[in-house]
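Novice: The chain contents come next:
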Amino acid sequence: MGPLTSAFAFSEWLNLLTAFMIGIGFGFALEQAGFSSSRKLVGMFYGYDTTVLKVFFTAAIFALVGSQILNYIGLLNLNQVYVNEFYVYASIIGGVIMGGGFIMGGYCPGTGLCAMSIGKVDAAVFIAGGLAGAFLFAETFPMIQGIADSGYRGAVRINEIFGISPGLFSFLLITAAIVMFWLAEKAEVRFARPEITNEL
Amino acid sequence: MRKKVSLFLFLCGLLLAILPLTGHRSFKIRPDNLVNQVLDPQVNYSVDEVAKLIVNGDSAIRLIDLRPRNEFIKAGIPGSINVPYEQFISEDPDIYLNDSKIKVILYGNDDFNSNYALVYCRGLGHDNAFVMDGGLNEWTRTIMESRFTGSRISARENALFEIRARASRIFNEINALPDSLRAVRLTASRFSARKLDGGCE
Numbered sequence: 001m002g003p004l005t006s007a008f009a010f011s012e013w014l015n016l017l018t019a020f021m022i023g024i025g026f027g028f029a030l031e032q033a034g035f036s037s038s039r040k041l042v043g044m045f046y047g048y049d050t051t052v053l054k055v056f057f058t059a060a061i062f063a064l065v066g067s068q069i070l071n072y073i074g075l076l077n078l079n080q081v082y083v084n085e086f087y088v089y090a091s092i093i094g095g096v097i098m099g100g101g102f103i104m105g106g107y108c109p110g111t112g113l114c115a116m117s118i119g120k121v122d123a124a125v126f127i128a129g130g131l132a133g134a135f136l137f138a139e140t141f142p143m144i145q146g147i148a149d150s151g152y153r154g155a156v157r158i159n160e161i162f163g164i165s166p167g168l169f170s171f172l173l174i175t176a177a178i179v180m181f182w183l184a185e186k187a188e189v190r191f192a193r194p195e196i197t198n199e200l
Numbered sequence: 001m002r003k004k005v006s007l008f009l010f011l012c013g014l015l016l017a018i019l020p021l022t023g024h025r026s027f028k029i030r031p032d033n034l035v036n037q038v039l040d041p042q043v044n045y046s047v048d049e050v051a052k053l054i055v056n057g058d059s060a061i062r063l064i065d066l067r068p069r070n071e072f073i074k075a076g077i078p079g080s081i082n083v084p085y086e087q088f089i090s091e092d093p094d095i096y097l098n099d100s101k102i103k104v105i106l107y108g109n110d111d112f113n114s115n116y117a118l119v120y121c122r123g124l125g126h127d128n129a130f131v132m133d134g135g136l137n138e139w140t141r142t143i144m145e146s147r148f149t150g151s152r153i154s155a156r157e158n159a160l161f162e163i164r165a166r167a168s169r170i171f172n173e174i175n176a177l178p179d180s181l182r183a184v185r186l187t188a189s190r191f192s193a194r195k196l197d198g199g200c201e
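Chains as they are written, first to last, in our numbering: chain A, 1 to 200; chain B, 1 to 201.
A hint or two may mislead.
Said to hold, decoys possible - What the simulated footprint calls covered on chain A by chain B, stretch by stretch (three residues with Cβ under 8 Å from a Cβ of chain B suffice, anywhere in the stretch; the number is not a length):
1. 63-73
2. 103-115
3. 165-175
In short, the hints are calculated from the structure, not lab data.
Backbone N, C-alpha and C define an ideal beta-carbon position, used for all residues, glycine too.
My request is simple: use the sequences and hints to build the entire structure.
Specialist: Next comes the structure, spelled out in structure tokens:
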């Protein structure tokens with residue numbers, strides 16, 4: 001049956017409207033969960049606040065379990081769900097830049113937009129920097145195309161690489177997540193800092 | 001609460017590990033390379049080439065008929081196996097393409113489904129997938145309805161029309177048999193054709 005966009009043959013405007021509504025919901029949830037605070041976000045790197053890990057990993061796991069079960073009972077065709085294509089070297093370089101930008105700026109792109117929408121100046125500068133980076137990337141793309149296109153592996157999934165079933169991979173990931181949650185809570189106790197968010 | 005959520009997630013994971021979920025296969029080739037590959041004329045077999053392979057009883061090819069089952073039962077190219085297109089693209093093509101030494105030639109009524117199936121196979125890295133140009137419609141036009149109309153025939157044309165005639169005869173013989181006897185007849189004809197190979201060809 002699903003994805004709904006292909007099952008009901010959504011027109012382009014309806015597709016975009018759906019994305020817009022989901023985006024509003026996502027942004028609202030991010031803001032309500034406190035992800036417009038850069039202190040909360042970079043707390044992940046220093047170990048005193050691991051909410052980012054717990055929230056995003058939990059969301060990913062619930063989506064994983066839900067989509068696999070819907071796929072099994074025939075309500076969602078996972079083969080029609082878009083998967084990003086994997087470029088090995090571009091992913092490594094992009095990941096390093098993204099991580100560096102995250103820890104220095106205090107936001108990732110989504111949370112940066114979320115914080116900008118409630119009027120945070122640092123987030124607005126962060127987003128402006130991101131846009132400038134995107135512009136530079138586009139202008140210099142012919143020079144870096146060789147690196148960007150190398151190491152192509154297709155829209156590959158992790159369970160494919162390891163040659164295991166999606167169900168077994170899900171089980172292993174969930175187990176790893178539970179262990180990481182436990183370690184994250186230990187880290188929060190060890191690297192605890194006084195809560196100052198409410199005073200700002 | 002945390003322990004309960006963790007336990008719930010763990011049980012969900014256990015359930016997923018037990019369920020027989022089918023794995024997804026991803027295309028390994030860049031889209032532009034894939035397009036170049038499937039547009040290369042070398043992936044096409046003409047119906048005359050296929051006819052020659054059938055007449056010679058070539059065991060290094062496998063013909064896959066992508067038409068619906070009811071159409072295949074009425075008539076199919078000798079030696080082909082029927083895997084309807086929807087079934088073919090929904091299951092792992094390794095079943096049919098796992099032996100890289102065997103050339104798998106796909107055909108339908110025309111080029112439409114066979115070309116899609118070719119993209120699917122090549123995208124998954126199976127270089128031994130090919131299509132029969134024009135499908136069964138072209139086979140009927142070129143092989144079954146082929147008639148020489150000229151006054152003089154060259155040696156090359158004579159060989160071509162001989163192969164077409166033999167392929168046409170095999171096609172009619174096989175399709176006139178009951179389903180249960182087709183497979184037996186095919187094995188026997190391949191065996192006898194192989195014994196006759198060689199000589200002045």
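Novice: Evaluate each hint against the coordinates.
Specialist: Now for the hints, and whether the structure bears them out:
1. 63-73: Coverage by chain B holds for the stretch 63-73 of chain A (5 residues, Cβ < 8 Å).
2. 103-115: violated (count 0)
3. 165-175: holds (count 10)
Of the hints listed earlier, the one the structure fails to meet is number 2.
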